[in-house]
Amino acid sequence: MAGHTITEKILARASRSEVVRPGQIVDGSVDLLYMHEMLAMALLPFNEIGTLKVWDPSKIVVTLDHWVPPPTPEIAKMHQTIREFCRTQGIQRFHDVGDHGIVHQLIAERGYAQPWDLVIGSDSHTNMVGAVGAFAAGIGATDTAAVMATGRLWLRVPETLRVDIHGRLSERTGAKDVILKVIGTTGDDGARYAAVEFTGPTVKAFPMNERFVLCNMTTEMGAKVGMIEADQVTKEYLAHAGRPFREIRSDEDAAFARTFTIDVDGMGPQVACPSNPANLKPVEEVEGTKIDVAFLGSCTNARIEDLRIAAGLLKGEKVARGVRFQITPASQNIYRQALKEGLIEIFMDAGATFTSSTCGPCFGGHMGTLAGDEVCISSTNRNYPGRMGSPQAQVYLASPWTVTASAIHGEIRDPRKV
Amino acid sequence: MIHQFRGPVWTFGDDISTDHIISGKYLGTTDSKAFAAHAFEAVDPTWAKKVKAGDLIVAGDNFGCGSSREQAPIALKTLGVSAILANSFARIFFRNAINLGFPVLECPGLRRKVNAGDVLEVDMARGEVRLPSGEITRFNALPPNVLEILEAGGLVAKIRAELSPKSS
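Chains A and B are the protein sequences, given in the same order. Each residue of the first sequence is one higher than the one before, counting from 24 in the working numbering. Each residue of the second sequence is one higher than the one before, counting from -15 in the working numbering.
Please keep in mind that the hints were generated in silico from the structure rather than gathered at the bench. You may find that some hints are simply not true.
Pairwise CB distance ranges (calculated) [to be verified]:
no.	chain 1	residue 1	chain 2	residue 2	range
1	B	GLY64	A	ASN70	42 to 50 angstroms
2	A	GLU307	B	GLY38	50 to 58 angstroms
3	B	ALA141	A	TRP78	17 to 25 angstroms
4	A	GLY289	B	SER16	46 to 54 angstroms
5	B	LEU131	A	PRO96	37 to 45 angstroms
6	A	MET371	B	GLU135	42 to 50 angstroms
7	B	ASP15	A	PRO230	38 to 46 angstroms
8	B	GLY38	A	ASP288	41 to 49 angstroms
9	B	GLU135	A	LEU67	19 to 27 angstroms
10	A	ASN70	B	ARG110	42 to 50 angstroms
11	B	ALA141	A	GLN115	30 to 38 angstroms
12	A	ASP288	B	ARG110	52 to 60 angstroms
13	A	LEU67	B	ARG110	28 to 36 angstroms
14	A	ASN70	B	LYS33	27 to 35 angstroms
Quick caveat, the model's predicted, so the values are computed rather than measured. C-beta: ideal position from N, C-alpha, C; glycine also.
Make the full structure from the sequences, and use the hints.
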């Protein structure tokens, strides 16, 4: 009998089953439930279920991220409701405005998710957290309410698609370019309902910040979860957050539904063109496209390493006239680190604008939305019509390197040429 | 759960995302009617005014991809759309709709057989869709646990029934 994938191992443990196989429906015991403002939407069904108390406040993390700080009185009220709920329910790990971050980044950097965990998040990009060797899946408001009330969630055990990545990337090319290439290869539903596991020497060589990028955008392949085996790199990352570690990997004879082998040797920067994340072109083919806005932010690419890339290119340079370049870190911790390292001053000297951490611009909510005739290059994850503002706006998805190089030149630019 | 639907069809293509269905800028509330008022605005700004209770949606591959926002199926259900038939659905949208007791049916190949305005008949018990020509197409049977949620009228009703004393 074949061995097991990471997914099968975690779901067997979480459902107290000896063995689970793809297609089976299991009742999973949730190790960590995390939420952002969707908690306000989940309160309606939660109150209808009527358990009054959450199943275990110590297994819940809540932060505010979509609308920070609140742009309308109604949203300020929503935040109040969430704050009050966390207080009355005894949810200690509530990260209020001031201690906030985009929830996936906050979960990662505080070490709240560990290998072997069944993690459920109220957001589609929960997949990101699977980079630590967890099974981390996103759900909607009613499922969130169900987990809050019962601590359990039914899950269909997904098939695992292996994405095996080989080769040494070109200069100024990274995990964002790799995942755009993968999505361009599989399509934006190429992994629908499936687990995606990244393997191969290119992945093993990536530090955690890059591994998070890969798993983050498995959402744009339609995947239920994305993951990478927990190894020495994971261990060191979690040790930094003061968290325990237990190795997990798929067995050598595990049954993968399919393996995509992607050779990225010598591959340069990639760009997803309007208006689908799978609409892929190498940067050379879109160079010269005029832009109005450049955005470096979101759970996908706004970690300190991404900000250092931007600062490295911007030092001594200016953002092109007529272009607004907005940089929004993924958490308060990253903000503080950028401040310590002098990055914010470099951004300001170059004429970029630096904001507090929020999801706002990525989902077209607030703090930097696009007009109908604007063209934007963005380090975010989706570019469907209306994603970042007007349905007529054009959004190109790219790496922090490409976004910053384009901001300086006012047009899409290959970062290897600046 | 209603077992039969009959209604005219609104057609959509492939990869219709939650951003198409309800834009992020309208999510700063918990009012279902506010979501409904802006449904499919990115595709047709007047759609929410034109759609009628009992209408059906037929779409291509990967309907509802993108965000986990349950406001997307809430908007369509609030407008009275009785069911969505698509070649395939994105996973979170599918779960969210079922949890609301909103029928979402995978019917591979249906999209190319249907034109906007066609009147379809959907028979949940038989798993059939009848086209205006009289042709009958089958949709994929829902897994038993998913059907249970739908039959209960949604996940909240199902959990309430499970938590309540058996005597009731």
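Hints, verified against the model:
1. GLY64/B to ASN70/A: 42 to 50 angstroms: violated (25 angstroms)
2. GLU307/A to GLY38/B: 50 to 58 angstroms: holds (51 angstroms)
3. ALA141/B to TRP78/A: 17 to 25 angstroms: Distance hint for ALA141/B, TRP78/A holds at roughly 19 angstroms.
4. GLY289/A to SER16/B: 46 to 54 angstroms: 52 angstroms Cβ-Cβ, so the 46 to 54 angstroms window holds.
5. LEU131/B to PRO96/A: 37 to 45 angstroms: Given about 43 angstroms between the Cβ atoms, the range holds.
6. MET371/A to GLU135/B: 42 to 50 angstroms: violated (59 angstroms)
7. ASP15/B to PRO230/A: 38 to 46 angstroms: holds (44 angstroms)
8. GLY38/B to ASP288/A: 41 to 49 angstroms: Check failed, 56 angstroms falls outside 41 to 49 angstroms.
9. GLU135/B to LEU67/A: 19 to 27 angstroms: holds (22 angstroms)
10. ASN70/A to ARG110/B: 42 to 50 angstroms: violated (37 angstroms)
11. ALA141/B to GLN115/A: 30 to 38 angstroms: holds (32 angstroms)
12. ASP288/A to ARG110/B: 52 to 60 angstroms: holds (54 angstroms)
13. LEU67/A to ARG110/B: 28 to 36 angstroms: holds (34 angstroms)
14. ASN70/A to LYS33/B: 27 to 35 angstroms: holds (32 angstroms)
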